[in-house]
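**Q** Listed here are the chains, written in short residue letters.
Protein chains: 2
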Amino acid sequence: MIDLLEKLVILKALFEKDKWSLRELSWRTGISEERLIEVINELCESYVIQRDGEFIAIASRDNPTKIKPWGWSIRHELVVGSTQVYARGLAPWSIVIAEHQIHGYGRHKRVWESNLGGIWATAVISLPADKSPYLNIAIPLVLQRVLRSIGVKTWIKWPNDIVFEERKLGGTLIEGVAFQDSITVYVGVGVNVNNYVGIPEATSLKKIIGLTPRNRVLAPFIGYLARVAKLVIEPSKLVDEYLSNLTTLNRVVVAETTDGIVEGRAVEVDEYGSLIVSTKSGAEVKLEPWRVIRLRHLD
Amino acid sequence: MIDLLEKLVILKALFEKDKWSLRELSWRTGISEERLIEVINELCESYVIQRDGEFIAIASRDNPTKIKPWGWSIRHELVVGSTQVYARGLAPWSIVIAEHQIHGYGRHKRVWESNLGGIWATAVISLPADKSPYLNIAIPLVLQRVLRSIGVKTWIKWPNDIVFEERKLGGTLIEGVAFQDSITVYVGVGVNVNNYVGIPEATSLKKIIGLTPRNRVLAPFIGYLARVAKLVIEPSKLVDEYLSNLTTLNRVVVAETTDGIVEGRAVEVDEYGSLIVSTKSGAEVKLEPWRVIRLRHLD
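In the order they appear, the protein sequences are chains S and U. Quick note on the numbering used here: the first sequence kicks off at 11 and runs consecutively. Quick note on the numbering used here: the second sequence kicks off at 11 and runs consecutively.
Hint data in this document are derived by calculation from the structure and do not stem from the laboratory. Computed from a predicted structure; not experimentally measured. Worth double-checking, as some hints may not be accurate.
[As the list claims (entries may be wrong)] Keeping only pairs whose Cα atoms sit at most 30 Å apart, straight-line, the calculated BS3-like set for lysine-lysine is: (1) S/76 to U/27; (2) S/27 to U/22; (3) U/240 to U/78; (4) U/76 to S/27; (5) U/78 to S/22.
[As the list claims (entries may be wrong)] To spell it out: a stretch of chain U is covered by chain S in this simulated footprint if at least three of its residues, at any positions, have a beta carbon under 8 Å from a beta carbon of chain S; those stretches are: (6) 35-43; (7) 111-123.
[What the hints assert, rightly or not] If you want the ones that stay clear, here's a sample from chain U, every Cβ over 10 Å from chain S, calculated: (8) 26; (9) 59; (10) 65; (11) 71; (12) 102; (13) 186; (14) 189; (15) 193; (16) 243; (17) 262; (18) 268; (19) 275; (20) 290.
The C-beta atom is built at its ideal place from N, Cα and C for all residues, glycine as well.
Starting from the given sequences, assemble the full structure and let the hints guide the process.
**A** Structure below.
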């Protein structure tokens, strides 16, 4: 953990200036050149770092501060508690990206491990109140589109995770505050890009396709978000695309809900993102995303 | 250690703006208000923090960025490897102050524990080459003066430590780079102010006189440094004052030197800071500061 702090001191410098000589970086960080080389070698495991002679730089395409999407305000932080909490202080069409979250969380406040080299971000968007329910399907779909577009054969796991060969690669989180006619939505996104993933149930882009510059994912994702209001104009088309990307469909699932366990076959998802499960007794149960704490595939 | 990171995220905000509401601080750090209160309560152990209703501020007198000594350039950093290494990139009459050092070191590169709430700083000064040897006595003397002036009955422990009731309270470190006629000196200073001190051989101002605003020590210390060239004009007076503040004088000491152990009674210090030890055999041995790795008092 002293190592994390040391990495953060070096990353701070790498994100604040485009190119450093080893000597200047030593002066900036107060870390000896010998030690810098050791720590940078470790950082190269999780970041796209360019070394050209004695110069060191973080690659532009791995540096979120280099994305300048039109109409968005971007904040980049080394460490935050959670980007979801941070985003509460931001105006719509802002996005905060952190290198490390101390208290990263997912649905139902479950801990989301957010170490160096991943994408941990929250975007603030504003939508007419009647369109917001469609985000439950639109947001995971958008992330799925981005990951497929870079050649990774991912699937959506209901309601909002992205998996590759049944292992968790990323997830989305939708929290909102309603006003009279509009709703401000905090769209959280987490993607294991080059960060260390230590559990077998999860994977990373690095494990699948090798070290990946994060802006390949982040830039198109933000692009889609900007057009999300357009996307939700035709909910039925959205549902079709969502369903054709859903690994959960037609599988036997067990859901831990806020009022008990539901087991059965997943037969449909409606335009608000609710999963319809056909139980053994033949009944159809509708599972709203917010009611489901955990979902497992049994087959 | 996750706690250190969390404290650092909050300190970063506290040092960047004078006053925060709990809500704004939560937005800035991404840490929930409930958790903020918990961490700030812990920070109050090591910092002078003002809480006024729902507003939180680090006291100006505990905030090194509030010192504006004439003619000095001040850098404040949350975390560095070592301020001594960082200072190599600074011009003379600059000073760097860090809240935490990852690789803090003292004489002979011995680890110097530098956690939150202490003074860990390096000042860069420039002197005519012939004056620089006097710094060995001038610098610890200056720190001693400052600590005595705030009512703490400290002593100098040869060569460059400050002790209170035989426990280490602070230390100085002198590293230099010589040019033709001048020398650039990196004056390191470490003082246990409000930081946690976990070993019986050391103490802190907090333990002696309670939570102490750091600028009470830092500001006069920098003031003396600015006049250090003047101070070394009369080395003999300097030696007299040094000796009258030296706890080591007339005591039996054992010194671990680069070429063996020397034991005897400390009888004098010369103007270059060398300790004269009278051994059992009656010989007088001159110990230059740089030759002595460790010195212990035996009586």
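**Q** Please go over all the hints and tell whether each is borne out by the structure.
**A** Cross-check of the supplied hints:
no., hint, result
1, S/76 to U/27, "26 Å, holds"
2, S/27 to U/22, "20 Å, holds"
3, U/240 to U/78, "21 Å, holds"
4, U/76 to S/27, "26 Å, holds"
5, U/78 to S/22, "26 Å, holds"
6, 35-43, "holds (count 7)"
7, 111-123, "holds (count 3)"
8, 26, "12 Å, holds"
9, 59, "19 Å, holds"
10, 65, "16 Å, holds"
11, 71, "25 Å, holds"
12, 102, "15 Å, holds"
13, 186, "17 Å, holds"
14, 189, "18 Å, holds"
15, 193, "19 Å, holds"
16, 243, "32 Å, holds"
17, 262, "38 Å, holds"
18, 268, "22 Å, holds"
19, 275, "39 Å, holds"
20, 290, "42 Å, holds"
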